[in-house]
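K.L.:
Take the given structure of chain A and dock chains B and C to it, following the hints.
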Amino acid sequence: MRDPKWLKWVRIIGLGLLGLFTVTPIYVMITSSIKPLKDVQGDFHWIPTTITFSAFHDMWSTVPLAHYFVNSLIVSTIASVVSVVVAIFAAYAVSRFRFAGRRAFSITVLSTQMFPGILFLLPLFLIYVNLGSAIGVDLYASRTGLIITYLTFSLPFSIWMLVGYFDSIPVALDEAAKVDGSGPIGALIRVVIPAATPGIIAVLIYAFMSAWGEVLFASVMTDEASRTLAVGLQGYATQNNVYWNQIMAASLVVSIPVVAGFLLLQRYLVQGLTAGAVK
Amino acid sequence: MLTRKPYVFAVAGALMLAAAACGSSDSSTSGSAAAPASITYWASNQGTSLESDKQILQPELDRFTKETGIKVNLEVVPWSDLLNRILAAATSGKGPDVVNIGNTWSASLQATGAFVPLDDTQLNALGGKARFLGPSLAATGAPGQPPVGAPLYSTAYALYYNKHMFKDAGIADPPKTWDELVADGKKLTKDGKWGLAVEGASVSENAHMIFTLGQQHGGDLFDSSGKSQFDSPANVAAVKQYLDFIATDKITNPSDAAYSNGTEALQDFIGGKAAMVMWQSASGTLKTGGMTPDDYGVAPIPLPDPSSGGKQVDSMVGGINISVFDSAANKDGALKFVKFMTSKQTQQDLNKAYGSLPTVTDAYDDPAFQTPEIKTYQQILANTAAPLPQVANESQFETLVGNAMNQLFADAASGKPITDESVKAKLTEANQQMAG
Amino acid sequence: MVVSATSRPGGGRGSGDPGRPPPPSGGRKGRIIPRLPVRLRRLGLPYLLILPALLLELLVHLIPMVIGIGMSFIKLTQLYIRNWSAAPSAGWSNYHLAVDFNAPVGRALLHSFLVTVAFTLITVALSWFFGMAGAVLMQGEFRGRGVLRALFLVPYALPVYAGVITWSFLLQRDSGLVNHVLVDQLHLFGDKPFWLIGQNSFASIVVVSLWRWWPFAFLVLMAGLQNIPRDLYEASAIDGAGWMRQLRSVTLPMLRPVNQVLVLVLFLWTFNDFNTPYVLFGKTAPQEADLISIHIYQSSFVTWNFGTGSAMSVLLLLFLLLVTAIYLLITSRRRSDA
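Protein chains in written order, with our numbering: chain A, 1 to 279; chain B, 1 to 436; chain C, 1 to 338.
Same shape as in the complex, but just chain A (with noise of 0.2 Å):
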């Protein structure tokens, strides 16, 4: 495929005005997290007239960041990879077998997208509760709590994605892993989960994002010790001042590891893959 010509130029403006969009926020974000706090009450400038690294040192100490950290860290890798595993084998049965029930499963999984979180927020809470006491495991307040809830929110979206992806997936590519001797399961080893490889990457992805940056469950379901990164930051807004550079530095730091495997994560994105076609 031949580029035109004038793509160059709607490339270069379109994903610079992209591109301006997206940094504005984060070049304001860093340089607010090494302007004294003064400076980032008052007026607003390009240039910070004052550098100082105080908030990258205060804020693990105004809030457990490092602890919170770990929880967020825990929770969100957790509930991704799980969610992902469970996906993987429901979209799998959706795709490629035609069972009764498969259209009620597919709507049901559906219909969960649309449930307001306030909805179901107070009841979750005391089935957590009493499950929790019934079966000897903490539920309510606890990482376990978490982890359960963020992998079954992230499930309707993971499932039906990849059953889109497993669909596209040719089935003549089962028929050859299965010739060649292998069963169901084994196909969907050996081929499809190869060749849908940038699918399950955008879906883990999707799953640790939502779960890492969860609010309004982790607020009601977390003490001090299961606490997450998304309600803790909430903690340098404190009942006299809003510690604006430490809430920055706190962000970008926090944020270094996620982005670093995004960055590992985005070779498999674009692989080129000639799954898709069967020659």
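Just so you know, the hints here were simulated from the structure itself, not pulled from any lab data.
In this text, a Cβ means the ideal position worked out from N, Cα and C, and glycines have one as well.
Among the hints, erroneous ones may be present.
No farther apart than 30 Å at their CA atoms in a straight line, the calculated lysine-lysine pairs in the BS3-like style are these [claimed, not checked]:
id: 1; chain 1: B; residue 1: K416; chain 2: C; residue 2: K75
id: 2; chain 1: B; residue 1: K287; chain 2: B; residue 2: K167
id: 3; chain 1: C; residue 1: K75; chain 2: B; residue 2: K273
For each label pair, taking beta carbons as the anchor points, the in silico distance ranges come out as [claimed, not checked]:
id: 4; chain 1: A; residue 1: W46; chain 2: B; residue 2: Q145; range: 53 to 61 Å
id: 5; chain 1: A; residue 1: G16; chain 2: B; residue 2: E421; range: 46 to 54 Å
id: 6; chain 1: B; residue 1: K187; chain 2: C; residue 2: L186; range: 55 to 63 Å
id: 7; chain 1: C; residue 1: L186; chain 2: B; residue 2: A172; range: 51 to 59 Å
P.N.:
Just chains B and C now, with coordinates in the frame of chain A:
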């Protein structure tokens, strides 16, 4: 061919592993009755940060443990979460033993039945009703019912003014009447600085001010039968008076209409952008911000002319109460803790650290509470402060009236004319939304 | 880190031991499990595959939902929160209150609903457009591609609270960047406008939501574009199709399944979005940007009127069900035509 089961086991196993790994490292909420007794305490954020609150409270908690042998599991809960967590605890029966609550929540929480009412015996154990400041004790629940908590910290509104800015503008004393305040404000509003800062988009600040000003205009928010009357002429006049600071008097920065997080107006005052602010017990924050009693002064908020028929009220009774959950695992320990927290030594230590006022009369003999600022507050609390209506739907009133005020402030700031009719219309709408 | 290696990306490990040929019975593990008749195994397989998902959905979504719906039929206020069974039945009164458009509560709810519809349509359309533009323009090799792609995903990587709080910072009237640029530097307005209260607050919430959601659309569409076989483009090039024609006749049709899901999901999530307006505006939103999730939160959690809040949430749910049903009807009809 049969390869499906291992995968299912693997997933189930992963879930259980995850549950076990993560569940075991979490702390449980209530103390057990066996072995070393303990209680769980949720403190509110009173200081400059959650961590500094822990540091202030820990020595007191250690002293309690030494005296009684009961260990205290402390958690400092940010205000953004506190009501949600209390709600969750009240609903499920699983929560702490003791908790701090904002005293304006008392009547609402009392109606849930989730808290232990303190009957006369228990109050006597705390030293008797007379030991507590009258207004503070009145803000612990609906009148005629036993209180659902003991007052812990007391605050009230006062007028803070910047001594340097006043001197520069040639004003000798803080204003004593509203006319004086507006006149002073006009003199102080120049060169990008403003006379008065208000937290215009904060629902609670607005609700508090409207209550106070409404009282001054001779009106009540609820009539004698308990029905709301937000749009009575007195309340309309009160709201209009408050809005006029931006709308007609122009002594307040229109940007203040967007101040919503409960810190901005005071920060403007600290930064010298505004010369006056009406705030609750701000000395702790002012000190952290670098202001000393040489820089700022404290005066009572202006009172109305006695002949106008309004009440001599210039502040609502602010404060924090300490309450015991009815579902507490260790009620005895919790009540002992309440006694400890309202004891003289603890009251003095904590209120000194937080800049608030002790709620017990015998704590005032400490020289730290003899400063002019504290004495001003004492006067206000004793004579001219009134508690917000202690009704079960207090939070609904705060939300509806506060929201109406937010919108009116936005109108005022964008230059829309503020008339009695437009104010009344908004308040009537709020009034109609109060469910019975 | 957990579970089977099969879910790991990058194909290699998932194909089984490279050094061992697959046994004739199809997988080593087949020998461990007792064999059932092939037919039963085949029939039962899909159900077993969907079982974990179904159980989780039941526990976390479906059963709480049913309880929530039940809540809307009782007068659940602070008086009964400890003992729900004691709460008096409200019958349909919670619903009556919500839909009585002549009364203030109903009127406010309707207003909030309309604001949310407008907000959602605009945000989804723009997010999709930006995502599409970004994904399409990123195809092909050019310098700085990797950096740009990583950059576009950064808003998505930032904690929600931080990103939105930064925007509320940018939009401050006196000290924000937006007014600094518009008024102090570009002199577009005389007086500094408000962005977080008043009429402009609607534009603000759209822009902030767009900033948060478009990277997600970009991510999904990028992955979707990867799955379009190269030879389709080559074939159309041989037929003489230019770049635009290829976009219309190859890219968009091939992306249809992905777009179908993406647009619907974006609509549902944006409609229900609680975090963005909550962090941007605080607990109470200005009237012009009174999104329905915040509105219901105000009517229930903050005022302890859980019965009313549940009724409003159920109505919201019914509306979204309707929209989804209509959407699916239209899109699947088109698919069967195509």
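K.L.:
Each of the hints needs a verdict: does it hold here or not?
P.N.:
Against the structure, the hints come out as follows:
Only pairs whose Cα atoms come within 30 Å are accepted, and K416(B) paired with K75(C) is rejected, the gap being roughly 40 Å. Taking the CA atoms of K287(B) and K167(B), the gap is near 21 Å; set against the 30 Å cutoff, the hint holds. About 48 Å separates the Cα atoms of K75(C) and K273(B), which puts this hinted pair outside 30 Å; it is violated. Between W46(A) and Q145(B) the beta carbons are some 59 Å apart, a value that agrees with the proposed interval 53 to 61 Å.
At about 51 Å, the beta-carbon gap between G16(A) and E421(B) stays in the expected band of 46 to 54 Å. Separated by about 35 Å at the C-beta atoms, K187(B) and L186(C) break the suggested range of 55 to 63 Å. For the hinted restraint 51 to 59 Å between L186(C) and A172(B), the CB-CB distance of approximately 45 Å leaves it violated.
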